[in-house]
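Number of protein chains: 2
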Amino acid sequence: MIKINENYLKLQAGYLFPEIGRRVSEFAENNPDADIIKLGIGDVTEPLCPAVIKAMHDAVDEMATSEGFHGYGPEQGYEFLTEAILANDFAPRGVKLDKSEIFISDGSKCDTGNIQEIFGLDNIVAVTDPVYPVYVDTNVMAGRTSNATEGGRYGGIVYMPCTAENNFVPELPSESVDMIYLCYPNNPTGATATKDQLKKWVDYARENKALILFDAAYEAFISDPNIPHSIYEIDGAEEVAIEFRSFSKTAGFTGTRCAFTVVPKALKAYTKAGEAIDVNAIWNRRHSTKFNGCSYITQKGAAAVYTPEGKEQIRNTINLYMDNASRIRKALTELGYNVYGGQNAPYVWLQAPEGMKSWEFFDAVLNKAHVVGTPGAGFGAAGEGYFRLSAFNKPEIVDEAMKRFAKI
Amino acid sequence: MIKINENYLKLQAGYLFPEIGRRVSEFAENNPDADIIKLGIGDVTEPLCPAVIKAMHDAVDEMATSEGFHGYGPEQGYEFLTEAILANDFAPRGVKLDKSEIFISDGSKCDTGNIQEIFGLDNIVAVTDPVYPVYVDTNVMAGRTSNATEGGRYGGIVYMPCTAENNFVPELPSESVDMIYLCYPNNPTGATATKDQLKKWVDYARENKALILFDAAYEAFISDPNIPHSIYEIDGAEEVAIEFRSFSKTAGFTGTRCAFTVVPKALKAYTKAGEAIDVNAIWNRRHSTKFNGCSYITQKGAAAVYTPEGKEQIRNTINLYMDNASRIRKALTELGYNVYGGQNAPYVWLQAPEGMKSWEFFDAVLNKAHVVGTPGAGFGAAGEGYFRLSAFNKPEIVDEAMKRFAKI
Numbered sequence: 001m002i003k004i005n006e007n008y009l010k011l012q013a014g015y016l017f018p019e020i021g022r023r024v025s026e027f028a029e030n031n032p033d034a035d036i037i038k039l040g041i042g043d044v045t046e047p048l049c050p051a052v053i054k055a056m057h058d059a060v061d062e063m064a065t066s067e068g069f070h071g072y073g074p075e076q077g078y079e080f081l082t083e084a085i086l087a088n089d090f091a092p093r094g095v096k097l098d099k100s101e102i103f104i105s106d107g108s109k110c111d112t113g114n115i116q117e118i119f120g121l122d123n124i125v126a127v128t129d130p131v132y133p134v135y136v137d138t139n140v141m142a143g144r145t146s147n148a149t150e151g152g153r154y155g156g157i158v159y160m161p162c163t164a165e166n167n168f169v170p171e172l173p174s175e176s177v178d179m180i181y182l183c184y185p186n187n188p189t190g191a192t193a194t195k196d197q198l199k200k201w202v203d204y205a206r207e208n209k210a211l212i213l214f215d216a217a218y219e220a221f222i223s224d225p226n227i228p229h230s231i232y233e234i235d236g237a238e239e240v241a242i243e244f245r246s247f248s249k250t251a252g253f254t255g256t257r258c259a260f261t262v263v264p265k266a267l268k269a270y271t272k273a274g275e276a277i278d279v280n281a282i283w284n285r286r287h288s289t290k291f292n293g294c295s296y297i298t299q300k301g302a303a304a305v306y307t308p309e310g311k312e313q314i315r316n317t318i319n320l321y322m323d324n325a326s327r328i329r330k331a332l333t334e335l336g337y338n339v340y341g342g343q344n345a346p347y348v349w350l351q352a353p354e355g356m357k358s359w360e361f362f363d364a365v366l367n368k369a370h371v372v373g374t375p376g377a378g379f380g381a382a383g384e385g386y387f388r389l390s391a392f393n394k395p396e397i398v399d400e401a402m403k404r405f406a407k408i
Numbered sequence: 001m002i003k004i005n006e007n008y009l010k011l012q013a014g015y016l017f018p019e020i021g022r023r024v025s026e027f028a029e030n031n032p033d034a035d036i037i038k039l040g041i042g043d044v045t046e047p048l049c050p051a052v053i054k055a056m057h058d059a060v061d062e063m064a065t066s067e068g069f070h071g072y073g074p075e076q077g078y079e080f081l082t083e084a085i086l087a088n089d090f091a092p093r094g095v096k097l098d099k100s101e102i103f104i105s106d107g108s109k110c111d112t113g114n115i116q117e118i119f120g121l122d123n124i125v126a127v128t129d130p131v132y133p134v135y136v137d138t139n140v141m142a143g144r145t146s147n148a149t150e151g152g153r154y155g156g157i158v159y160m161p162c163t164a165e166n167n168f169v170p171e172l173p174s175e176s177v178d179m180i181y182l183c184y185p186n187n188p189t190g191a192t193a194t195k196d197q198l199k200k201w202v203d204y205a206r207e208n209k210a211l212i213l214f215d216a217a218y219e220a221f222i223s224d225p226n227i228p229h230s231i232y233e234i235d236g237a238e239e240v241a242i243e244f245r246s247f248s249k250t251a252g253f254t255g256t257r258c259a260f261t262v263v264p265k266a267l268k269a270y271t272k273a274g275e276a277i278d279v280n281a282i283w284n285r286r287h288s289t290k291f292n293g294c295s296y297i298t299q300k301g302a303a304a305v306y307t308p309e310g311k312e313q314i315r316n317t318i319n320l321y322m323d324n325a326s327r328i329r330k331a332l333t334e335l336g337y338n339v340y341g342g343q344n345a346p347y348v349w350l351q352a353p354e355g356m357k358s359w360e361f362f363d364a365v366l367n368k369a370h371v372v373g374t375p376g377a378g379f380g381a382a383g384e385g386y387f388r389l390s391a392f393n394k395p396e397i398v399d400e401a402m403k404r405f406a407k408i
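Protein sequence lines, in the order shown, are assigned to chains A and B. Oh and the first sequence: position 77 is 77 in full-length UniProt numbering, straight run, nothing missing. Oh and the second sequence: position 249 is 249 in full-length UniProt numbering, straight run, nothing missing.
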């Protein structure tokens with residue numbers, strides 16, 4: 001008899017975005033004339049930049065000829081892309097990596113979801129709260145947790161609250177943890193971590209032989225020169241951290257699909273008997289057995305992001321989004337909201353009016369301003385009372401949304 | 001302390017294709033003038049067809065405009081593709097499926113590797129021998145096996161030998177099994193299964209509440225009208241089978257990456273307490289949590305495979321490969337080899353000369369004919385003494401390879 005993986009039955013039914021979708025659909029049905037503005041899900045709106053478009057057309061043309069056709073590529077990605085990554089994303093920041101430490105993939109959701117597979121089920125997982133749900137859900141599916149409690153938290157996971165009180169960077173945990181998910185610039189809070197703050201975590205991981213899973217999908221939105229873009233800017237991080245990067249937000253690849261994971265060769269994990277195992281080799285085995293490489297055409301597009309034209313073009317788009325974020329911050333601050341993030345990240349995180357819960361505020365914003373945001377409570381218990389607005393939209397639409405906020 | 005998933009340490013070091021690569025590199029170094037012909041790895045050689053190229057150019061152009069830009073798509077795939085699949089791959093064969101039963105992905109290697117995650121670790125896995133290594137390796141990684149024995153087999157997996165004696169379609173197992181991997185047309189043997197043969201398996205699965213994981217990646221190469229293309233052509237299979245399809249070999253997408261998995265709503269798996277669980281819903285949860293959709297541009301290309309021009313163009317390419325297979329069969333038969341497959345599949349499976357082992361024959365073919373094939377033993381113990389040749393190459397290169405075979 002075929003048995004199901006019963007860990008899946010522990011998952012909470014109401015995944016955040018489907019519930020938002022349901023409420024928005026219901027509202028739209030009852031208010032067919034309402035012009036709903038979506039600042040909820042973190043999806044980009046600007047087209048792919050001309051350098052990427054040209055590179056992809058060229059790659060499609062190559063695929064039309066016998067000489068230029070590309071079949072199976074290296075599962076780890078083409079060197080033209082890994083080398084561009086090393087030369088542009090890491091070398092200028094003094095981070096020395098080898099191309100064998102870069103694994104190109106079709107997305108950071110996949111990478112951050114899959115990475116836990118290569119580690120033992122007996123590791124204690126620590127996540128921030130609020131948190132990107134994929135980190136938690138994939139550990140539930142694997143069996144590292146017990147059932148969820150009434151508050152939606154799972155037994156066996158250490159939740160580290162991030163609120164205005166700690167500037168949305170968690171304290172070191174008092175209990176022992178093994179796998180620590182950190183995301184900076186943060187989704188959903190828009191917070192960043194300084195070098196000193198990250199150093200504390202790297203030191204903790206080195207002392208405790210813990211692993212940091214560092215999601216840097218939003219690093220391109222950092223404008224403050226003092227904020228690190230990579231965890232490897234911290235000495236010794238290559239011994240304890242895996243880093244996730246993505247072209248999704250950086251270059252508008254949410255529908256085009258390309259990302260990469262850095263697994264340094266200095267990183268070790270351990271057998272129960274204490275033997276040190278090379279994590280890079282194990283991830284390579286996983287990646288080449290359960291993945292078959294990212295599309296050649298897509299990788300050619302991603303490589304064009306690193307050309308001089310590509311860099312300038314994506315910078316213009318990022319600036320457009322960050323101008324949106326800045327105007328959102330200004331408008332909401334003037335309206336008296338407590339506003340966080342939005343300075344080095346495309347997300348603005350605000351506090352709902354005193355005494356109002358996240359979903360109540362969501363409903364109020366939808367009903368009175370016809371604007372869709374994301375309730376902070378959907379990202380975790382410590383997000384209760386907060387609300388996320390995304391800066392991914394056309395400037396005129398963002399401005400219209402802010403005008404309507406005045407009516408709430 | 002971060003613990004590794006120790007199941008990975010059970011994996012055999014020598015994955016087949018890297019070992020082939022090593023021997024070929026060594027030979028090439030020692031024989032720099034040798035013109036090596038590769039009929040080893042099953043990668044296509046013909047370019048993408050014009051209909052696909054045009055659709056992908058159009059999709060790239062869409063992505064360059066605000067109006068045509070596509071960000072995150074449905075994780076399950078766009079309806080324009082799922083509907084084309086239903087209308088062309090299934091409806092004409094009398095197979096009724098709903099679009100919610102189709103999951104578009106970036107490849108069948110991923111799908112056949114990932115599918116086991118949603119089932120319990122206590123299921124007994126059955127595979128054919130020889131077998132596509134991904135089925136086995138992903139179950140080893142998950143922890144469904146013990147260490148490998150000297151012969152390379154893993155404890156806890158039921159191996160079902162497929163040899164000339166049973167026409168490469170296995171007998172029903174005498175022990176109880178829960179997850180049965182079948183691949184027809186078969187990689188590596190090129191064998192097909194008739195409706196009667198598949199019906200035996202479907203009946204077995206229904207009687208025993210077992211699950212069939214049916215890999216149909218090569219169905220487009222079937223020319224015999226009596227051979228089923230889908231397991232759902234067998235009555236009741238929708239209650240016990242998941243099917244995997246791919247554009248890789250059908251339409252030359254090995255470097256472009258698109259495939260799909262069929263998970264019928266009638267399919268159930270069970271909790272230890274015996275409760276029936278809807279497998280479609282669980283796979284949907286896994287797919288939308290650990291995957292973020294296949295590239296829009298790629299899906300547009302895949303949909304073009306189903307246009308009248310696309311169908312004709314891919315048919316011409318498939319015919320070219322199958323003409324190759326036919327000439328390989330003829331040449332080897334004339335040379336006195338026992339030859340199998342190659343009639344409804346792009347692989348020819350031959351017996352090495354009496355008393356010769358697979359790797360010995362591999363070395364002989366490489367050294368004497370400068371041709372690379374795949375040693376049957378690399379696919380499993382029952383493949384010992386066999387050898388696989390792929391029909392994916394230019395006709396003139398295939399003919400040259402056959403000329404050289406005469407010298408062995």
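In case anyone wonders, no lab produced these hints; they're calculated from the structure. Certain hints may be false.
As the list makes no split between identical chains, a pair holds if one copy fits it or if it spans any two.
[Stated by the list, open to error] Derived pair list, reagent style PhoX-like, types lysine-lysine, alpha-carbon separation capped at 20 Å:
| no. | residue 1 | residue 2 |
| --- | --- | --- |
| 1 | K268 | K10 |
| 2 | K407 | K209 |
| 3 | K199 | K3 |
| 4 | K272 | K54 |
| 5 | K311 | K403 |
| 6 | K265 | K407 |
| 7 | K209 | K330 |
| 8 | K38 | K200 |
| 9 | K3 | K265 |
| 10 | K330 | K99 |
| 11 | K368 | K311 |
| 12 | K96 | K330 |
| 13 | K199 | K357 |
If the cut is 20 Å between Cα atoms, do K209 and K330 qualify within a copy, between copies, both or neither? neither (43 Å within a copy, 61 Å between copies)
Homo-oligomer pair classification [K330, K96; C-alpha up to 20 Å]: neither (39 Å within a copy, 55 Å between copies)
Should K272 paired with K54 be assigned to within, between, both, or neither, using CA atoms and 20 Å as the limit? Classified as neither: same-chain Cα gap 51 Å, cross-chain 55 Å, threshold 20 Å.
Using 20 Å as the alpha carbon limit, work out where K311 and K403 are close: within a copy, between copies, both or neither. Close neither inside one copy (33 Å) nor across copies (53 Å); limit 20 Å.
Can you give me the call for K368 and K311, within, between, both or neither, at a CA distance of at most 20 Å? neither (40 Å within a copy, 52 Å between copies)
Alpha-carbon proximity context of K265 and K407, limit 20 Å: Cα proximity of K265 and K407: none, with 55 Å in one copy and 46 Å across.
When Cα atoms must be at most 20 Å apart, do K330 and K99 count as within-copy, between-copy, both, or neither? neither (42 Å within a copy, 45 Å between copies)
Measure nothing new, just compare the shortest in-copy and cross-copy C-alpha distances for K38 and K200 to 20 Å and report within, between, both or neither. neither (37 Å within a copy, 53 Å between copies)
Classify it for me, K199 with K357: is the Cα-Cα distance of at most 20 Å met within a copy, between copies, both or neither? neither (34 Å within a copy, 57 Å between copies)
Under a CA distance limit of 20 Å, which applies to K199 and K3: within one copy, between copies, both, or neither? This pair counts as neither: shortest intra-copy Cα distance 45 Å, inter-copy 22 Å.
Status of K10 relative to K268 across identical chains (alpha carbons, at most 20 Å): Close across copies (18 Å), not inside one copy (31 Å); limit 20 Å.
Since the copies are identical, ignore which copy is meant and state whether K3 and K265 lie within 20 Å (CA to CA) inside a copy, between copies, both or neither. For K3 and K265, the Cα distance is within 20 Å only across copies (16 Å; inside one copy 38 Å).
Going through the hint list in order, the structure does not satisfy hints 2, 3, 4, 5, 6, 7, 8, 10, 11, 12, 13.
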